[in-house]
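There are 4 protein chains.
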Amino acid sequence: MSSPFNSPDQTNLSNGKGGRARMLISCPDRPGIVAAVSHFLYEHGANIVQSDQYTMDPEGGMFFIRFEFDLNDLEKELPVLVEDFTRVADRFDMKWHTFRASRKKRLAVFVSKEDHCLLELLWQWKAGDLDADISMVISNHPDMRELVESFGIPYHHIPVTASTKAEAERKQMEVVADKADIVVLARYMQIISPKFIEQFPNRIINIHHSFLPAFVGGKPYAQAYTRGVKIIGATAHYVTEELDGGPIIEQDVQRVSHRDNVEDLKRIGRTIERVVLARAVKWHIEDRVIVHHNKTVVFN
Amino acid sequence: MSSPFNSPDQTNLSNGKGGRARMLISCPDRPGIVAAVSHFLYEHGANIVQSDQYTMDPEGGMFFIRFEFDLNDLEKELPVLVEDFTRVADRFDMKWHTFRASRKKRLAVFVSKEDHCLLELLWQWKAGDLDADISMVISNHPDMRELVESFGIPYHHIPVTASTKAEAERKQMEVVADKADIVVLARYMQIISPKFIEQFPNRIINIHHSFLPAFVGGKPYAQAYTRGVKIIGATAHYVTEELDGGPIIEQDVQRVSHRDNVEDLKRIGRTIERVVLARAVKWHIEDRVIVHHNKTVVFN
Amino acid sequence: MSSPFNSPDQTNLSNGKGGRARMLISCPDRPGIVAAVSHFLYEHGANIVQSDQYTMDPEGGMFFIRFEFDLNDLEKELPVLVEDFTRVADRFDMKWHTFRASRKKRLAVFVSKEDHCLLELLWQWKAGDLDADISMVISNHPDMRELVESFGIPYHHIPVTASTKAEAERKQMEVVADKADIVVLARYMQIISPKFIEQFPNRIINIHHSFLPAFVGGKPYAQAYTRGVKIIGATAHYVTEELDGGPIIEQDVQRVSHRDNVEDLKRIGRTIERVVLARAVKWHIEDRVIVHHNKTVVFN
Amino acid sequence: MSSPFNSPDQTNLSNGKGGRARMLISCPDRPGIVAAVSHFLYEHGANIVQSDQYTMDPEGGMFFIRFEFDLNDLEKELPVLVEDFTRVADRFDMKWHTFRASRKKRLAVFVSKEDHCLLELLWQWKAGDLDADISMVISNHPDMRELVESFGIPYHHIPVTASTKAEAERKQMEVVADKADIVVLARYMQIISPKFIEQFPNRIINIHHSFLPAFVGGKPYAQAYTRGVKIIGATAHYVTEELDGGPIIEQDVQRVSHRDNVEDLKRIGRTIERVVLARAVKWHIEDRVIVHHNKTVVFN
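Protein chains in written order, with the numbering used here: chain R, 1 to 300; chain W, 1 to 300; chain S, 1 to 300; chain U, 1 to 300.
So that you can see chain R by itself, here it is in the shape it has in the complex (with noise of 0.2 Å):
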């Protein structure tokens, strides 16, 4: 079954005295789940540094809450705090997730021939600024192998047309299996089938060239030129089988005028796409985005 969190982190925890953990939660609401909870990690020697919840009040009453905490013997007590938390998640009927900060998620990031949101990961990457191991670079063309080998990231080319699509994905499944977490697509302009959706449920961060939902499809700032906009955005989402219509993560815009044409929306949005998708990436591998249907719970 589809899981409404990020890449699951409750049995293989690897060594590190001491250290921090994330838990998600997400339940129907109703009285006393932050007291049982925050009782719970008590109880357990958990120190919470950080908590954030919400409620959904008019529908249903979902309540969604994010707890930041820090252990003294991560490696030791958090099998034991994830094993014990069963009798509180069944109580709540609770959706929930732990993960190790120190666990850094693995990325796949695909590209296609504009390379800024991938640089502006690499960079960020470099810089320290996104915490989170670049596993590897898939693009269905050869060009940026040198600069992606150049950050000691293996590069896989794997060309894809529309005879050889199926073979091309079994190929990337093969390369990417066991090896990523979460599928960034920088600017991957080939559509992603269900099969593969499938392997990473709200797990594949697509950035998408228009401020969605305006301008789905292709040539989104050809479209924004054609229909006179004063503003262009860029849109981070999960990919769902829906074509630019899985859940929102992170929007940004920026003013532009009669004086812009194409290429100059081409470049201005250049700029707002790779901050957007680096943030949404960020987000993501600190365990801050929970999906609730189509929707995204943001706590940052």
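Any given hint could be a false lead.
Since the list can't tell identical chains apart, any single copy or any two copies may satisfy a pair.
Derived pair list, reagent style DSSO-like, types lysine-lysine, alpha-carbon separation capped at 27 Å [claimed, not checked]: (1) K126 - K219; (2) K282 - K113; (3) K266 - K104; (4) K219 - K295; (5) K195 - K113.
Hint data in this document are derived by calculation from the structure and do not stem from the laboratory.
Dock chains W, S and U against the given chain R, drawing on the hints supplied.
Relative to chain R, chains W, S and U alone:
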């Protein structure tokens, strides 16, 4: 034939020695236009205080220019200038209009039950920030009579029902006729008929409560909530026969989050709507907007 | 001693079965706070509908939390809860306050000659967007009496001159005494004395017409024009003895250009000022602001 | 004498038939300027593709205009045009310069230990978005040699200590001499001497990591954190003898909250800094900036 500009003022000039005028020109681009017009204005004693131009390079090379100039004896000299300019205009195949800055445009404001956009206009008008006359307010509801009349502005309550729509519009046109240069739909929740639009080509300004072209049609805040966007906006545009499809004059946006329900979006949106509408009206009455095809050139 | 919170409500509760309350707490950080408080609230039958917390890690580890909760019989149960909470509070060395959501805070709005900030508050109040009572408007000028009284709000004209300043302030305090929880300086152009500030610790909100700390003091738009900034702003802050130096609650900005003269900056600034002030007042009256040293924690 | 414009190009023209040129003019306002210049350009076969003007009404009436125009045989015709224009310029007491669009300006980029602003420039340059040559990078640290040289750009490591400051600057000037039109301080953390500034009047662009004039001087993010501002920014300005006091070219901002510590502000600020600096450099190299007294007119 429909004009690309707003209320024309080429003939009926009123009194007042000295003063400022504006000239809006659009024509196919070719060498010598700026030279010819600025030389012409200089010869006629006009001192150019501002000029803005835009060349729409890739698409057939349309050229747009706005001059703001002072004339010593405006009453006497502007008609001469207007008459003489015909020769220049014919030479370059220009569409053009002149406007005296001192001749305030007259607004007919249409409103339904939401008062915030109307209030913003009344308020800016009273504060002297809106250089226009508000000739009347027309509403399909009686609710705002007292408010509007307290500003010394006539209020026409013209109810609209499915069966009386045609009759209501006949009354509206009768009331507006010769008394308004511009119609402002300040959250007027009725569809304007093609016949009415024809009377005010590119002179009906509507505020749509979404970042168009996202969320065309009814209940845009509910649509925005359902889609889970992270930014909401408002759009001021000229009204054409295509619903919410006319040339966009101005847009603005505001960040929202998962915590904001539909009521919150409406509340936040009210501030965006009134700011955007007021800006669009201001630019229009200062003759800063040229419509070309379905887009605007805004010299602000 | 000065309180870090706004108008306290720990004792005098009025009628009303069921309802919402808020609790603001600040204390030195240590394990178990969230558990203790949420357990306490649960035991007292409170259903937490929102909680926000913030740990100020690097500096001495202060901890701040805001709870919003529902109680079945608020009138009867809140006093019990308040009394019992003392034990929890003592254990963690907490500064804390509870507030009933239904008890509207009472505003005294001070104004001079510029009416836009006052108008925004009156308007939002009338539209139901400002969940407070406006008890009175106090001005050193008579100009806005008619406007204010048309809203059914008392207007006190208390002239201030160099020689009558002390006497004027005595009158102001007399008029405000017991009738206002918060003082809002909506472009009130007189300095407030330390004696007055002492009466309303962190409960006087001022709007300064610049992006503080840029352009402290008089004529900020003229200063901004002279400096040639490309963006202007406004700042809502609590008033302390240091002129324009108190804790900042909210700021916002707008892009300007070389074309904008001082009058344009003032006009553009008016919209920023009223939006920023209204937001700050809204957050204050919803008990979303905690002051710590000279900064604010805003749980919005 | 110091010029209000950037790198002049009135004499040394290089090869290339046809092409675009730009003309920047500032002079006391009086009637007939636009007519005279546009007539002059027309007579010389120049087709004006863009013009922007600004009249600084209240203060002594300075007039600024920027023309962008095409000439058929630029190599042959521009020198003629430049020579002939003297008569027009003298008549109106103009300061003026022409620039060929095809003659790329040469940048010397100064950098210390933070690489993000340099990287943005390198990246935009490589993507073709920065229409300039990067002649060299000069740093007081050796760290970025490999990065810079991988772009094929010379790297000069010139250490600066308190005792070698004068000698270091002599070396810098030697290296830069005749090889750069513009100096870009891309987070260069040393003070530039008046002697150096004199060599590049209004042609040294600095990025300051605050929303000037707030937080002049060192450690602006720490200052911003201490003051508790809700928005941070960055400022690109020309360097003058007054520290952080030169004419502002561009500014931008981003919202922050109490949750952001100094490190967060630095991280968020990095994106603002690089975007703002890149925009300022772009406008400068497209000859869109005129300096008048301590302010800029930016025709963008």
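Verification of the hints:
1. K126 - K219: between (31 Å within a copy, 23 Å between copies)
2. K282 - K113: Classified as both; 23 Å inside a copy, 24 Å across copies.
3. K266 - K104: between (33 Å within a copy, 22 Å between copies)
4. K219 - K295: both (25 Å within a copy, 18 Å between copies)
5. K195 - K113: Answer is within; shortest intra-copy Cα gap is 24 Å, inter-copy 46 Å.
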